[in-house]
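A.B. asks: Sequence:
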Amino acid sequence: MATTSRSKRTVRNAIAAGLISVGAVALPAAPAMAAPVTIPGIGTFDVPDHLAIPTNFDVPVFELPQVPNLPQINTGSADPQFIAAPFSRGNQVADIALSKVGSPYVWGATGPNAFDCSGLVQWAHGQAGISVPRTSQAQVGSGTPVAYNNLQRGDVVAFYSGASHVGIYIGNGQVVHALNSSQPVRVDSIGMMPFHSARRYA
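Just so we're aligned: the sequence shown equals residues -34 to -1, 1 to 168 in mature numbering (1 follows the signal peptide of the UniProt record, and there is no 0).
Note that these hints are calculated values from the structure, not bench results.
From the three backbone atoms N, C-alpha and C, an ideal C-beta is built for every residue, glycine too.
Incorrect hints may have been included.
[To be verified] Label-pair ranges, simulated between beta-carbon atoms: (1) P78 x N116: 24 to 32 Å; (2) Q32 x N116: 52 to 60 Å; (3) R55 x N115: 19 to 27 Å; (4) Q118 x N35: 40 to 48 Å; (5) G128 x G95: 28 to 36 Å; (6) N35 x G139: 45 to 53 Å.
Between the sequences and the hints, there should be enough to build the whole structure, so can you do that?
C.D. replies: Below is the structure:
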């Protein structure tokens, strides 16, 4: 009986400590108001109220931060008709000259409302911030020489013997130029006049 009493006291002490070890299994103390705990071969024990294990825990709830709406990215192919031509000084010169289509030809005029051939070339380049000589012969005597098959928009194209006439290449085999007093500034095929040479300033 002494052994049994000591065992009971030992178990009571273990329960009072909040843990009962049975073999390799750790058993937590029973919650308050629970049925008595019976250990086979040892006895039945009541767990004191002050050792009750709480069943409800107040765990703080953290809210995730709001994710802002991200812009939708369209990875589809662009429509070629909406792709702008790359910017260059040559393109700028060509577009400026084209803006004067329909303006009257006046010999010696340098714009902005009337032009002769070299006056249009000089004015269009000047609007793009590029300095170009005044006469057609001086214009083909400066700048960078360009072969016929390497023409780019904005290049100065000279025609006839002695480079007596000049225009601005606008691409697709065309030039914008002020031809003579009977014609306003216009666009024509580069092949309508005998080619002399070409120069690039832009």
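A.B. asks: Please go over all the hints and tell whether each is borne out by the structure.
C.D. replies: Tested hints:
1. P78 x N116: 24 to 32 Å: holds, 31 Å
2. Q32 x N116: 52 to 60 Å: holds, 58 Å
3. R55 x N115: 19 to 27 Å: holds, 21 Å
4. Q118 x N35: 40 to 48 Å: With Cβ atoms ~45 Å apart, the hint holds.
5. G128 x G95: 28 to 36 Å: holds, 29 Å
6. N35 x G139: 45 to 53 Å: holds, 50 Å
Consistency with the previously given hints is maintained throughout, with no hint failing.
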